[in-house]
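Here are the chains, one letter per residue:
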Amino acid sequence: MSSRKSKSNNLIHAEYLSQVQGILRERFCHQSPHSNLFGVQVQYKHLIELLKRTAIHGESNSVLIIGPRGSGKTTLINHALKELMEVEEVSENVLQVHLNGLLQINDKIALKEITRQLNLENVVGDKVFGSFAENLSFLLEALKKGDRSSSCPVIFILDEFDLFAHHKNQTLLYNLFDISQSAQTPLAVIGLTCRLDILELLEKRVKSRFSHRQIHLMNSFGFPQYLKIFKEQLSLPAEFPDKIFTERWNENVQGLTEDRSVREVLQKHFNLNKNLRSLHMLLMLALNRVTTSHPFMTAADLMEANQLCSMDSKANIVHGLSVLEICLIIAMKHLNDIYEEEPFNFQMVYNEFQKFVQRKAHSVYNFEKPVVMKAFEHLQQLELIRPVERTSVNTQREYQLMKLLLDNTQIMNALQKYPNCPTDVRQWATSSLSWL
Amino acid sequence: GDDDENPYVAKLVELFEDDSELHSKKRARVQWFIRFCEVPASKRHLLGREPAAQEIFWYDYPACNSNISAETIIDHVQVVALGPDEVIPVDVRNEETLFVKLSWNEKTFRPLSPELFAEFDRPQESSPRCQKPVGAKTKGLGSPSSTTAEHAIKRIESRHSTSKFRQTPSHLVTPKAKKRLELGGFPRTPSTRISQQNSGTLLDSPRRSKRKVAFSEITSPTKRSQPDGLHTSSPALKALQKTGEIQSSCAADDKKASPNCHRILRTRVPALKTTEISEERRLTPTRGGTSSAVPSVVLKPDSIKKREAEEPEAPEEPTSTPHRIRRKSSVLTLNRIRQQLRFLGNSKSDQEEEEFLPAAEISDSGSEEEETPTPTLSRRTSSQVSKDPCSSMKSSLQTPSKTPKKTPKPGTPRHAPPQTRSRNQAAQEPASMLEEARLRLHVSAVPESLPCREQEFQNIYNFVESKLLDRTGGCMYISGVPGTGKTATVHEVIRCLQQAAQANDLPPFQYIEVNGMKLTEPHQVYVQILQKLTGQKATANHAAELLAKRFLTRKSSQESTVLLVDELDLLWTQKQDVLYNLFDWPAHREARLVVLTIANTMDLPERIMMNRVSSRLGLTRMSFQPYTHSQLQQILTCRLKHVKAFEDDAIQLVARKVAALSGDARRCLDICRRATEICEFSCQKPDSPGLVTVTHLLQAVDEMFSSSYITAIKNSSVLEQSFLRAILAEFRRSGLEEATFQQVYTQHVALCRMEGLPYPTMSETMAVCSHLGSCRLLLVEPSRNDLLLRVRLNVSQDDVLYAL
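Protein chains in written order, with the UniProt record's numbering: chain R, 1 to 436; chain A, 1 to 804.
What the hints contain is simulated information worked out from the structure, not anything from laboratory work.
Watch out, some of these pointers could steer you wrong.
If you only want the chain A side, here are some residues facing chain R, beta carbon under 8 Å, derived [what the hints assert, rightly or not]:
1. N600
2. R674
3. P758
4. S763
5. E764
6. L787
Each residue gets a CB set at the ideal place from its N, CA and C atoms; glycine is no exception.
Just chain R, same shape as in the assembly (with noise of 0.2 Å):
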């Protein structure tokens, strides 16, 4: 009776956590402009104003968002964009144009897109043809015919603006800024990127019409806000079905707030890293190992994902080494000790493990040559070495100079936890000279 009462409770439970899941993943993985802001307030109202004026006054505008990556510039500017569109006078008379650096990766793609999404009269179906300088001076006509009053304001919005700037002569950039300074069309021109050099990267004449104006994102939080950010963020809304799963939730939340260990697991993450999109990342690890049987996160699923989080990789990838292959590593670390950090061969490697394998060894077989080439090879692939630059391809594979892209102590920590290792090659590791 109970265990069936039990079990409908879980069925309960399960249905709840995969909407709970459904929620926060959300939450978590996209940058809906329906989660709130942090932080952010004064840049916000800055923009929305410039936003507003722009679609109400037809005033033109221009302004880049600087922050680093992860620091909520898109959060931002869509924010700031579902606010401007919930205007009643302004939805019907906006224009968007969305354009990434990323993607278009030339000035001829993007005039293309930019036609192509404001439905210009050249755009048939979703193609857009014409050369480009046909594309070029089109547009640009179609923009000068506007004027303040009566055209439609249009909101370019350029993503990884950067990389718009390395275009050849920076074309689109001093158009849309020239229009922006002129009286036609009404434009806003609102540029995302995370370099805080952008401004030198601009030519002099593109520089001198873009308006300089700049809101940055810095993540300006301390951590006692971080927490409260966690908090938030892990909470479920008022508008879940269920008030007591939502209160049981919440209060869990509540609780690992309080905990000393989550704590210091955020602490860390927020040492290492101030963004919201990696709390994210620990929030997303944390929340997959809730299931029904678990159903509310506790503090060791948090310390799990940081662990996972903070793991490094190329000690990993040691770790799934062969022994010969962790000999040869060894041989290279002896090298770079022996001739600071000077590049070696595979020859020398190669004498190095000879050496050892003669004096030292026991447990090691004497491999062949060619088989501790395939090894070297393989090493070569995992790219934990790599060869020295300059190198003409003419020289032979064996004396072809390496580096190695492991460090001392990465080496060391890996062959501490390496499964089975042979207490001789882990003595060989700890001295070179220790085969004397």
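Given the coordinates of chain R, assemble chain A onto it according to the supplied hints.
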């Protein structure tokens, strides 16, 4: 004034015309007088006596806008300065005479200072000077006419003994002739009608008064109350001795005066100093004094007739262009002067021969006209500076007035798109000062004029105009850093030329504009030119052929072409064939092509062009200097006319800041625009618009120019900061400005251990490094290099240390 009975009274200090713009705005700089009824009631008791009906006060308050539009001048009045202890004359026959006795500076009444007193007379010194520098004579003329008899005599003597006398009447005539012209241009309002009539009478008054000087001094030394040198001829005997000579010279004077005045008319309004008018003012008391005399009665019908004659012509004037108005109006004035002379002749019957002189003048006036703009402008600017301290001081004091009195705001900006009409009405309300200021400050707002670029404007204008008139071609190279008004000036020139062409003063021409930045590649310029020229579409090569054919073969009826090439440097190609063609075509006489090229660098022809190209470009070069702070200030004040949104200090600050940085006018405007937003944002109370203060501007400047590196470092995470520290430590250790990631990592681990931070793994540190690299706090190689990637700081080490 806001009420019709009591218009504001002001002394015209300067009257000039901004001829570089579409609608010729006649501007006048004035010294305001204030009526007693305008003095706040709470202050009235300070006067301590009943004011006389016609008494006004020298308004000594710098915040008041002294720059008004000439359209707003509705009437002439006479202002007579009275000594503090003189009684106001009771028998004022002339309604328009007002008396200044005290100055009013918002707080107290004070007797007029002697300087101000002198100022009423001083302008006459400068007025002849601005026409011809005649030192000694001017002094004799302009000696502040104190009440001593000797002065009066000396003046008369000096006048008639030298040829100066001939010039004086001409000066006196012109201001009024011009004045009347301007007023005649606006015949719609009744008030200007009146003033037309007035000015009509005034037009004659100087010459008349000249003669009357003689008359009055013989007949009646009537009004001696005015401290005016003219009337203080107590030794009437001496005056009598001179009169004969004066009269005799009068006839001769008038003859010579007319050519004189024509010449001046051609140089026209920009140079017009109302100091001349004030001279008239000084003289008019005579007329007032002898207003019962015959001549003024005779003149009345004259002026009425003249007004009638004007009226059919008047409506044309506003429509015609500023430059052409010059020619047209000079003809008009000639006619009028002829008329007037005829009337004079009727009344005096001794001047018939004068009619021929102006008639002869008309014929060659047209040809001389082209040269005039330059001298006038330069003279205007120079004389503006060299003017009496009062006006130069005032020009620097110019502030957007808080009460743009009777000024019908010229070109009030249309607000916003139609779909948002309701919103805009709301925006018109209190905060609208800032809103409007912002609108005017937008770079796209077409300014009423382009201040500080008059010289360049004239040069370009003259160049193109001469080429058009000669039906030849030519090239001009214009350089200057961005934001110095190159393109704007050329556009202005073209607009003026097009208006001139419409008015048939110039042969018609075709104007084409191409911008190197708006082309995908240099050869497209042919396509663009051809399309704009003929509407044909062709490929680049074909277009080049067609254009060459068009420009190099003779067609008799072909009109000239003006081609503006902006951002010339982008038309550079390996073979330079585009540039070569552009500069080669104008060299052919049949082409009739004028090419204006604009680029940023001054030495572009030497740097990137081959010899054969740069030689064809020729040496007609012009470089636009970056704006100085005073010019920027002038630009701002010009744009903010009538909008009191900025503190004076704030404007000066931004002008100086920008001038020190780049001299880019766009920057200046953008900063101000941002400052208005900050101001609006900071003072939330909607009913107090508030001025933009220095703090707001400083904030805006900071926002735009301050480097964000330091804030970025301050706001970066703990590990990022310690990574930066590790880099510094590594740099210090190695003595190099570059380190590999591995080296820095070792340092970083050591640092973390010291500070008790958990051990950072390699991956974490790499993430930190690339994060810093993406912000460009660090310069890093592509991360493919992994441990070996080289790291370099993009900020100075001191900055990092400061921020940490």
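Against the earlier hints, flag every one the structure doesn't satisfy and list their numbers going up. The structure conflicts with no hint, since it agrees with every one listed earlier.
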